[in-house]
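> Sequence:
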Amino acid sequence: MYRIFTFILTMGFLFSLNLWALVDYTEQEYEKAPQLQTTAGNNKPVSVSSASLSTRQSSGGLISAFSLGNSIESQKVNINEQTKKVDKYHSNLFIQSGYNVFLNASFWMAKTDSEMISSNQKTQNGNPTFKLGFNWLRFGNQTELATVDLFGGMMLKGNSDFASSRNDQLLGIETTKRFHQMAFGLGYEYRITGDPSNPGESVVGNISRFQAALGWKVSSDINLSLEANYIKVQGNNASLGQTILSKGFNYGYVTPKISLALSHMVGIDLGGNFKTKKVLIDESVLKARLWEMQGLYGNSIFAGLNILL
Numbered sequence: 499m500y501r502i503f504t505f506i507l508t509m510g511f512l513f514s515l516n517l518w519a520l521v522d523y524t525e526q527e528y529e530k531a532p533q534l535q536t537t538a539g540n541n542k543p544v545s546v547s548s549a550s551l552s553t554r555q556s557s558g559g560l561i562s563a564f565s566l567g568n569s570i571e572s573q574k575v576n577i578n579e580q581t582k583k584v585d586k587y588h589s590n591l592f593i594q595s596g597y598n599v600f601l602n603a604s605f606w607m608a609k610t611d612s613e614m615i616s617s618n619q620k621t622q623n624g625n626p627t628f629k630l631g632f633n634w635l636r637f638g639n640q641t642e643l644a645t646v647d648l649f650g651g652m653m654l655k656g657n658s659d660f661a662s663s664r665n666d667q668l669l670g671i672e673t674t675k676r677f678h679q680m681a682f683g684l685g686y687e688y689r690i691t692g693d694p695s696n697p698g699e700s701v702v703g704n705i706s707r708f709q710a711a712l713g714w715k716v717s718s719d720i721n722l723s724l725e726a727n728y729i730k731v732q733g734n735n736a737s738l739g740q741t742i743l744s745k746g747f748n749y750g751y752v753t754p755k756i757s758l759a760l761s762h763m764v765g766i767d768l769g770g771n772f773k774t775k776k777v778l779i780d781e782s783v784l785k786a787r788l789w790e791m792q793g794l795y796g797n798s799i800f801a802g803l804n805i806l807l
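In this note's numbering, the protein residues as written are 499 to 807.
Mixed in with the good hints there might be a few duds.
[As the list claims (entries may be wrong)] When the alpha-carbon atoms are kept at most 27 Å apart in a straight line, the in silico BS3-like pairs for lysine-lysine are as follows:
no.	residue 1	residue 2
1	745	773
2	609	583
3	574	776
4	675	582
5	745	776
6	609	620
7	609	574
8	775	583
9	620	785
[Stated by the list, open to error] Ranges of calculated distance between the beta carbons of each label pair, as one might list FRET restraints:
no.	residue 1	residue 2	range
10	678	579	41 to 51 Å
11	640	744	48 to 58 Å
12	781	638	48 to 58 Å
13	636	732	28 to 38 Å
14	712	579	32 to 42 Å
15	579	752	36 to 46 Å
16	756	677	14 to 24 Å
17	781	807	21 to 31 Å
18	797	560	36 to 46 Å
19	745	574	48 to 58 Å
20	712	688	30 to 40 Å
21	612	638	43 to 53 Å
22	797	697	26 to 36 Å
To be clear, the hints were calculated from the coordinates, so they are not data collected in a lab. Positions of the beta carbon are idealized from the N, C-alpha and C atoms, including for glycine.
Work out the full structure, taking the sequences as your base and the hints as a guide.
As structure tokens, then:
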């Protein structure tokens, strides 16, 4: 999987170099709306992604918008007053149809040299996530567009020191509103957690996510965005003969990001995830394997490449 991810990232970079020579300096679809999409991190409101693509949509087409994003993330993890490093590799696919239906699929991998986190120093697979959504409401022109989307999906179980062995169900609602050069988005996601099949993994309760995002189009090829997330993880008192996260916890993090358009089809993202509330990473939280949740185990920075077709 690491070789596949490297191949996709390399081809995307070479593809961007070919497009660089064909840049049309008139305003294109990629530049029309403030970008609110977060490259690093899989559990994000899908409409925040689709808001940046909706200007490309036309009714009736099988595929009216397509986005492929790859990113590299470096995270610092604090365990027992020691700082460890985890490298993550993300891949995210977004497809919008002309029939008000969209698909968001994401996958990630992670690697660390810390034996406190994993005895396996090779790159390990994370949990794949799939979301299928419906554009419930969409009204207004391109500069003042308002949207309301509904989605459902699943996070599939994995088998590594970073991936959870649970099958989780996802439900959510999102809304976005543009104000000419600005865009604002709100999202809520509820995750119904399953029982882990790995006896060494902590049992956790359901997880709620609240998100607010603000985007600003600075120029034709520069967009800024700021996302604020609040996560609530419920405890679980079930007796399954496993480690149990008996007490729930909550935390927040912010994601500032700058998006640069290399052409009308290719852009790069630079940003980071920074916690606003510290969470004590004890053994039960570490064994819960919630590595797909940005900001939980530590702050991080990321760089990514996006291709819009």
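> Taking the hints in turn, state whether each one holds.
Hint check:
| no. | hint | result |
| --- | --- | --- |
| 1 | 745 / 773 | holds (20 Å) |
| 2 | 609 / 583 | holds (9 Å) |
| 3 | 574 / 776 | holds (13 Å) |
| 4 | 675 / 582 | violated (39 Å) |
| 5 | 745 / 776 | holds (16 Å) |
| 6 | 609 / 620 | holds (6 Å) |
| 7 | 609 / 574 | holds (12 Å) |
| 8 | 775 / 583 | holds (20 Å) |
| 9 | 620 / 785 | holds (19 Å) |
| 10 | 678 / 579: 41 to 51 Å | holds (48 Å) |
| 11 | 640 / 744: 48 to 58 Å | holds (50 Å) |
| 12 | 781 / 638: 48 to 58 Å | holds (50 Å) |
| 13 | 636 / 732: 28 to 38 Å | holds (33 Å) |
| 14 | 712 / 579: 32 to 42 Å | holds (35 Å) |
| 15 | 579 / 752: 36 to 46 Å | violated (24 Å) |
| 16 | 756 / 677: 14 to 24 Å | holds (20 Å) |
| 17 | 781 / 807: 21 to 31 Å | violated (45 Å) |
| 18 | 797 / 560: 36 to 46 Å | holds (41 Å) |
| 19 | 745 / 574: 48 to 58 Å | violated (25 Å) |
| 20 | 712 / 688: 30 to 40 Å | violated (23 Å) |
| 21 | 612 / 638: 43 to 53 Å | holds (49 Å) |
| 22 | 797 / 697: 26 to 36 Å | holds (31 Å) |
The structure is inconsistent with the numbered hints 4, 15, 17, 19 and 20, although it conforms to all the rest.
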